[in-house]
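**Student:** Sequence:
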Amino acid sequence: MNLLETEGWRVNHKRVHRIWKEEGLQVAKKTRKRRRLGTKDNSCIRKRAEHINHVWSYDFIMDETESGNRLKMLTILDEYTRENLSIDVEHSITSRDVISTLEYLFAIRGVPSCIRSDNGSEFIAKAVREWLSSISVETLYIEPGSPWENGYTESFHSRFRYELLNTELFGSLREVKVIVEQWRQEYNHRRPHSSLGSLPPAKFTENCIPAISATPQSPKYNSLTNDNYLVKCGI
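In my numbering, the protein residues as written are 31 to 265.
Don't take each hint at face value.
[To be verified] Keeping only pairs whose Cα atoms sit at most 35 Å apart, straight-line, the calculated DSBU-like set for lysine-lysine is:
no., residue 1, residue 2
1, K233, K77
2, K77, K44
3, K233, K51
4, K77, K156
Note that these hints are calculated values from the structure, not bench results.
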């Protein structure tokens, strides 16, 4: 409009704006291009789990007790069966604690080919990387700031928070561990999963037992029932 007025035109700004829109003269906003499948080959879309114990994923989710004490939870999934293998709940979890949990799971469930995670300090710690490398487990680190590349864990966390963490007031660490484990058992053993043909993850996993037995490094399958998991947690 300023240019038209400078050239001596008497114009109505509403009419100019209407013609400007009708002729499609708007300047398109510059948008940043994104890779929908992730920028790295380590994403859950580019590298999918093809069988049980092929790809596990793990991550942390945070909450707090009623008194304000921090709760840190380590969740571990088998991406093929969607089974939640563990939810460790503590006030603090270090890289050494991560290794301890994985050692327990590897002993009763078998060793996965790959394990996917973000670049959190507990996962990229030298001790964790060297230990996983020593037993031939490939580490799949997703692109920083790209949580969708670890989509199965993100989806699980969303459900976990919506159904439990956002609905419960936790009084103590011991109480949290018991309630979380009860929810985990419900999720694994009684909750039908649409991507598994409406089977619960544990039932789908049982159908995959022959695949586990065919792997020399895998022990007899253990579905991590409530009793043996609570013993592990010292409850």
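**Student:** For every hint, state whether the structure bears it out.
**Tutor:** A quick look at each hint next to the structure:
1. For the suggested pair K233 and K77, the alpha carbons sit about 24 Å apart, so the restraint of at most 35 Å is met.
2. Among the hinted pairs, K77 with K44 is inconsistent with the structure: their alpha-carbon atoms are about 54 Å apart, more than 35 Å.
3. Our distance criterion of 35 Å between C-alpha atoms is broken by K233 and K51, whose separation comes to about 59 Å.
4. A hinted pair counts as satisfied when its Cα atoms are at most 35 Å apart, and K77 with K156 qualifies at roughly 24 Å.
Taken one by one, the earlier hints fail for this structure at numbers 2 and 3, listed in ascending order.
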